[in-house]
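In case you want the letters, here they are:
Number of protein chains: 2
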Amino acid sequence: MARRKVSSIAEFSLIQAIARRFAGRASGLIKGIGDDAAVVATKEPAWWHMTTDLLAEGVHFDLDTADPTTIGYRAAMANLSDIAAMGAVPRYLLITLAIPRRFKSASVFAIYDGLMEACRLHDVALIGGDMSASRAGLFLGITLIGATAAGRALFRHGANIGDHIYVTGTLGDSLAGFRLLSERRSSPSKNRRVRPLSPADRCALIKRHLRPSARVKEGQWLNQERLASAAIDLSDGLSGDLRHICEESGVGAEIDGGALPISASCQAYAESRHLSPVDLAVAGGEDYELLFTAPPRMHAAIERQAHARGFCITRIGTVRHRRFGIRIRDTDGIMRPMPVTSYEHFFA
Amino acid sequence: MARRKVSSIAEFSLIQAIARRFAGRASGLIKGIGDDAAVVATKEPAWWHMTTDLLAEGVHFDLDTADPTTIGYRAAMANLSDIAAMGAVPRYLLITLAIPRRFKSASVFAIYDGLMEACRLHDVALIGGDMSASRAGLFLGITLIGATAAGRALFRHGANIGDHIYVTGTLGDSLAGFRLLSERRSSPSKNRRVRPLSPADRCALIKRHLRPSARVKEGQWLNQERLASAAIDLSDGLSGDLRHICEESGVGAEIDGGALPISASCQAYAESRHLSPVDLAVAGGEDYELLFTAPPRMHAAIERQAHARGFCITRIGTVRHRRFGIRIRDTDGIMRPMPVTSYEHFFA
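Each protein sequence line maps, in turn, to chains P and U.
With this note's numbering, the residue at position 232 of the first sequence is 232, and numbering never jumps.
With this note's numbering, the residue at position 178 of the second sequence is 178, and numbering never jumps.
Only chain P is shown next, with the shape it has when bound in the complex:
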């Protein structure tokens, strides 16, 4: 028999304090925190996009090594990235928390600080959720709701043979940043092959890990201008997420390893650790960039519009027949099957 001891009054006043501090007004919001459900209004025909995640202490994050603000920020950003990959405008956020008794209310506020830091960047309003005591650790549930015009969204299933394959931004930075954070905690004497990395590179990579950016504007642009045939966000890494697009679209893919966008910082990190930057780019997850496909006739428009909007877009390959499989041409020119990386989500 398990019991959830809820001191209703303590819970109620904490929720009220959260509501006072974080609940904002939002277009279409009828009722936020404080009823049986949150209520939002729709006037015109629209498509609503809903994504949800569950994060558990000791599983998705560890409070010994991650501060609560970072946990909140990254949790929100992972969901913002899912909405970005649909080409939708993120609108409303609901949060559930199960909180251990050892937890101070300042830490609860810090989680919300991180969540709302990410949400404010994209005008997302906290509209509801739930809170309870926990005996087993901290648990965080997130639901994010976005909107597009009716009939307009980026799906995983639309890629066609011959389409170009693109990514936004650079790949591998988050994995490099995570490893740098992990190194700090392990004994440096054991890492004889480690060469120094400039403080600027180190900071840039760690920041990409702790404060990733979801490509919300890029997703909306690709969707509204009808440029992309399929899209997904890179949370599991290029290898895993490209596989999802190929599965859903019934196609194969050829990736040009030499074309993968790798930041100078990630390049420097790879060199300092005698690693292949392409391997980092392929295996590294949680970059929260967008991976998308587009018909070749869109290429000029994509390049021109991305340039005009200041978006970083790189063509990295071509959609092939299903029988081709998923392959990558290494920088040595040899074509190999894309490695099936069983990606480990991490949280420094």
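Calculated from the structure, these hints are not laboratory results.
Keep in mind that the hints are not guaranteed to be accurate.
[What the hints assert, rightly or not] In silico DSSO-like pairs for lysine-lysine, Cα to Cα no more than 27 Å straight-line:
#	chain 1	residue 1	chain 2	residue 2
1	P	Lys43	P	Lys217
2	P	Lys217	U	Lys43
3	P	Lys43	U	Lys217
4	U	Lys43	P	Lys43
5	U	Lys207	U	Lys43
6	P	Lys217	P	Lys207
7	U	Lys217	U	Lys207
Since the structure of chain P is already known, use the hints to place chain U on it.
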């Protein structure tokens, strides 16, 4: 450093199996399981109602004493009850699961069986979610989305002085059922004061605990016919949930203890254990009945329409001035402050 080991392929194929088995078609559903977000379409102006819950093993339920199907059923029903309390039509469900490695896929399917058993009763479609491995136990996140016509919903804040207070169904059954289940596991010799209860009463109470019913039709009726001024569902118990309505509406309340609807089975249980049935009705939570207020001029319509529809509705009190507080007239005729029960959510 915590890592979530996600065997992407195993997770992916389990999600595919779940999708094949449980994902149904639904009005307005554009894309269900299998993309970055679920997508639903709206055509007419509407209000959307969103509620979310997080349940953790060892906190909200215990796998040693609750079977996975019951866990799923009750989790869905608790959220259906929230949507019922808004007077909304429940439509779409999203589920997140973090699953311990010791868990067999049959148990995962059993959770979904329970969830969908509850959802099918109300034509709710599973449209998305997420799944990951867990090192810390089983965690279940639920988001339920319902709809009403624009401008039409039952809130907690609408109660006015002089309004009648009503509940649906009977109160205290779930608590009695829970205690019966707990007794089975404790030594019977210690309970000398326990008198036998008929198998029919025992079954009825345990069923009310394990398979509660959300008052979805009753909520829609009260909302569509504009009968109620405020409503909430009884998850924390009459004492706690009446307090929420009073807080949000800025009023007090007078409850007639003798009027509380108590089932014959609960009455028999209380007598057999020398308990006050009114105490059970006031303190007992998770009945998932509706508590609502309505102007006195609606009383005749409420009685007539409830009768015609086969709904069980009981008037239990009157909304008073805030200064009156929240009081209950016991069956001995004495008015006392309503006890502030720190309700313990439980899960047999």
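Next on the checklist: Between the alpha carbons of Lys43(U) and Lys43(P), is the straight-line distance 27 Å or under?
Outcome noted: holds (8 Å)
Checklist entry - CA of Lys217(U) to CA of Lys207(U), is that 27 Å or under? => result Status holds; Cα separation ~20 Å.
Next on the checklist: Run the distance test for Lys43(P) versus Lys217(U): straight-line Cα separation, threshold 27 Å.
Outcome noted: Roughly 25 Å separates the two Cα atoms, so the pair holds.
Checklist entry - When you check the alpha-carbon spacing of Lys207(U) and Lys43(U), does it fall within 27 Å? => result violated (40 Å)
Checklist entry - Would the pair Lys217(P) and Lys207(P) pass a check requiring their Cα atoms to be no farther apart than 27 Å? => result holds (20 Å)
Checklist entry - Taken at face value, is the distance from the CA of Lys217(P) to the CA of Lys43(P) at most 27 Å? => result With a Cα-Cα distance of about 23 Å, the restraint between Lys43(P) and Lys217(P) holds, given a limit of 27 Å.
Checklist entry - CA of Lys217(P) to CA of Lys43(U), is that 27 Å or under? => result Between Lys217(P) and Lys43(U) the Cα gap is close to 25 Å, so the pair holds against 27 Å.
Comparing the model with each numbered hint stated earlier shows that hint 5 is the single one that does not hold.
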